[in-house]
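Undergrad: Read off the chains here:
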Amino acid sequence: NAGVTQTPKFQVLKTGQSMTLQCAQDMNHNSMYWYRQDPGMGLRLIYYSASEGTTDKGEVPNGYNVSRLNKREFSLRLESAAPSQTSVYFCASKGNFQDSRDSNQPQHFGDGTRLSIL
Amino acid sequence: ELKVEQNPLFLSMQEGKNYTIYCNYSTTSDRLYWYRQDPGKSLESLFVLLSNGAVKQEGRLMASLDTKARLSTLHITAAVHDLSATYFCAVDPGTYKYIFGTGTRLKVLA
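Residue numbers (my numbering), protein chains in the order written: chain D, 23 to 140; chain L, 19 to 128.
Worth double-checking, as some hints may not be accurate.
Below are the DSSO-like pairs computed for lysine-lysine, each with C-alpha atoms no more than 27 Å apart in a straight line [stated by the list, open to error]:
#, chain 1, residue 1, chain 2, residue 2
1, D, K31, L, K59
2, L, K74, D, K79
3, L, K35, D, K79
4, D, K79, D, K31
Just so you know, the hints here were simulated from the structure itself, not pulled from any lab data.
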C-alpha cells in the first residue's frame, strides 16, 4: 500500500521561479489537503479539496494555487516562489466526511516535500 | 478564531518517568487527533478521540478527551527512549479545516 505519495522529496528554487508539488493517494479518499510545516508553528493548512472538482482556501493560501486533477491527485503550485515559502510541505487525505466510518478516521500524510527558496 | 495550544513545547525527561502533554482548544470540536512525528519523517496517527470522556491507550501512551473543558491529554507512562519524537494534537471543528497544535518535542534521556 503506497498510501499518499508526494513528489519531489527535495527541491531548491530561486526566488521568482515556479514549481508544482505533486500528490497522489490510492485509498479512494474524497478529501485531500496541503499543509506547510515551519519550526515552532505546527502544520498550517494551505488549501484543501473536499471532493473531486472542489477546492477551498485554508489558513495560509496566499502565494499558492491548487488543482484537484481527479480523485487521486491534488497538486500545489507556487507561481513565483519567495524565500518565505521555504518550508516542508505535506499532503494528506481522508475518507468521506458523510460516511460515519470514514469521518472518524485520521488524515493520512505523505512523506513531505522539503522546499528551499534562495 | 479556533486556536489549539499545546504545552509544554519541549519536554526532556528521564527514562522510567511519567509525564503528561496538554492540548487546549478554543471552540467546540467533533473530534480530536494525536499524531507522532519523528525527525525528518511524516506524521503517524496515534489516537482518534470522538466524544467526551473518551480514553484510548496504546502501550505506554494514553490519551483522553474532556470536551467540556476543551482539553485533551497525552499521558506517558514509564518513558523509554523510543518515545522520543514530536507529538501533535489536531482538532476537527466539523469542517475540513483541521487545526494543529504547535507540537511538543519530547526527548527521553537514558
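Undergrad: Check whether the Cα positions of L/K74 and D/K79 lie no farther apart than 27 Å.
TA: Roughly 33 Å separates the two Cα atoms, so the pair is violated.
Undergrad: Run the distance test for D/K79 versus D/K31: straight-line Cα separation, threshold 27 Å.
TA: 24 Å, holds
Undergrad: Hint check: L/K35 vs D/K79, CA-CA at most 27 Å. Holds or violated?
TA: Not satisfied, since the Cα-Cα distance of roughly 43 Å exceeds 27 Å.
Undergrad: Does L/K59 sit within 27 Å of D/K31, going by the straight-line distance between their CA atoms?
TA: Given that 27 Å is the threshold and the Cα spacing comes to 11 Å, the pair holds.
Comparing the model with each earlier hint shows violations of hints 2 and 3; every other hint is respected.
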